[in-house]
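Colleague: Listed below are the residues making up each chain.
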Amino acid sequence: MLPPGWPNQLLTAGATVAARVGHLCDLCVSSLDISGASVQLIASGPHRVTVHATDRVADQLDDLQLELGEGPAVDAVRTTGPMLEDELEHAGALRWPWFSPAAVRLGVGAAYAWPVQVGATPLGILGLHRRRPGALEAAEVADAAVVADAVAIVLLDTPDIGSADVLVWIITDQSRFRAEVHQATGMLTVQLDLGILDAFARLCAAAYADARSIGDLAHDIITHRIRLDAG
Amino acid sequence: MGAMDTERLATTFVDLADSLVDDYDVIDLLHLLTERCVELLQVDAAGIVLGNQRGRLQLAASSNEQIRLLELFELQTDEGPCHDCYVEGRPVRGDRLSSGSQRWPRFAAKAGSAGYETVHALPLRWRNATIGALNLFWTRPADVLGDDLRVAQALADVSTIAILQERVTRDRETLATQLQAALNSRIIIEQAKGVLAERDNLEMRAAFERLRHAARSSNRRLADIASDVVAGRDDLTQP
Chain A
1 MLPPGWPNQL LTAGATVAAR VGHLCDLCVS SLDISGASVQ LIASGPHRVT VHATDRVADQ
61 LDDLQLELGE GPAVDAVRTT GPMLEDELEH AGALRWPWFS PAAVRLGVGA AYAWPVQVGA
121 TPLGILGLHR RRPGALEAAE VADAAVVADA VAIVLLDTPD IGSADVLVWI ITDQSRFRAE
181 VHQATGMLTV QLDLGILDAF ARLCAAAYAD ARSIGDLAHD IITHRIRLDA G
Chain B
1 MGAMDTERLA TTFVDLADSL VDDYDVIDLL HLLTERCVEL LQVDAAGIVL GNQRGRLQLA
61 ASSNEQIRLL ELFELQTDEG PCHDCYVEGR PVRGDRLSSG SQRWPRFAAK AGSAGYETVH
121 ALPLRWRNAT IGALNLFWTR PADVLGDDLR VAQALADVST IAILQERVTR DRETLATQLQ
181 AALNSRIIIE QAKGVLAERD NLEMRAAFER LRHAARSSNR RLADIASDVV AGRDDLTQP
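So the sequence lines, in the order shown, correspond to chains A and B. 1 is the number of the first residue of the first sequence in our numbering; add one for each residue after it. 1 is the number of the first residue of the second sequence in our numbering; add one for each residue after it.
Warning: the hint list may mix true and false statements.
A few chain A residues that face chain B, going by a derived Cβ cut-off under 7 Å, partial list only [as the list claims (entries may be wrong)]:
| # | residue |
| --- | --- |
| 1 | T16 |
| 2 | A18 |
| 3 | L155 |
| 4 | Q183 |
| 5 | T185 |
| 6 | M187 |
What the hints contain is simulated information worked out from the structure, not anything from laboratory work. Quick reminder that beta carbons are idealized off the backbone N, C-alpha and C, glycines included.
Let the hints inform the model, and build the full structure from the sequences given.
Modeller: Right, dumping it as structure tokens:
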């Protein structure tokens, strides 16, 4: 289970994206019954860059998937859903005939991956692995998805939300999942001539500056009560 | 309908439909299917083989576990009516197996010595792909024609549905993925509503109606239209 108040730990985790992602990977290892974690950034085309890996095996699993073009992370990007392979040696070998035996040779029994996305825009992949095969508990699957959401906010890394205070505040604000937030984000892309990610970051930063929830500000934007300034 | 028992046929399809609605074990269901083939089509043995991810045929279920029958399925990885049916995606039959066969010499020899005279293979079809084959064996000269052939193919089709449906329902991961995909679609649609509302000065509901109209008139998914709108690639200026 994730410890209470876990997002606040990001305040002292370091000021770089890599340090923050590293902290969230470590959090997975200490809170869930897994052996290692990594986060890959989705660059253009098929390219991936590993931002952080908690151990050598996690790093090697990422490399293997890049080389072979198959594995849980590859499928998580393709399907935009979590990939949970509890048993790599047999069941996994049917799914990923190249990746699975190679992972088993590294001593890995189970591998999991979650898409890391802001709204519906993919930014990266959170990969977890465990030496022992077996299913994660439902609560662990849910926790991993929550961490993947936090990683997404960290990866946004726009000037608007560079400070740890803003980051933690956004991660903690559950109103960011409301439909009105997505609508307001769409409106801001037109008003401010921004891409969808920058528009979302601007919305979050403005809400933080006004000390109100993202959902509330979004509501005021779509009802034309508030208009954000450009720049 | 020939010698086929119509009531038995109806019961079979009702049972199969019931199973497909409930949580079911696909292999168990395929076994039931092969047994019903034996009863309904008056064949002496039936089996279902499936292509694995490397395109090799593997036995999924058979009406009896007689070793010599199982060997016949094993053998068809390389040659035989099932192999040809799977590769060509159409029904394939073999007659007078005890007299040998030029097309499948090893298969015919094995089948003949196991006492089978006639074999018929029907494809398990899914859209444009063949995922496996239903194999019917007779110990006498025989054929499946007319209604019997249609019933046989329907039983093969039910097998296909059972296999593909089961993969979807069993897997919590697949369900989570489908759920996430649906959620993503919804997010993009909300974003597109915002874009249209601001750009064309619309209420959110009118923006949604415009998206839906565009999707229907172009026969595309709402999420695809929405994604074009968010990317500024749409031509939805006027309703």
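Colleague: Please go over all the hints and tell whether each is borne out by the structure.
Modeller: So, going through the hints one by one against the coordinates:
A least Cβ separation of about 29 Å between A/T16 and chain B goes past the 7 Å threshold, and the interface hint is therefore violated. The restraint placing A/A18 at the interface with chain B is violated, with a minimum CB-CB distance near 27 Å, outside the 7 Å limit. Annotation: interface hint on A/L155 violated; nearest CB of chain B at approximately 17 Å, more than 7 Å. For the restraint placing A/Q183 at the interface with chain B, the shortest Cβ-Cβ distance is roughly 4 Å, inside the 7 Å limit, so the hint holds.
About 6 Å separates the beta-carbon of A/T185 from the nearest beta-carbon of chain B, less than 7 Å, and the hint is met. Checking A/M187 against chain B: minimum C-beta separation of about 4 Å stays under 7 Å; hint holds.
When the structure is compared with the earlier hints, violations turn up for hints 1, 2, 3 and for no others.
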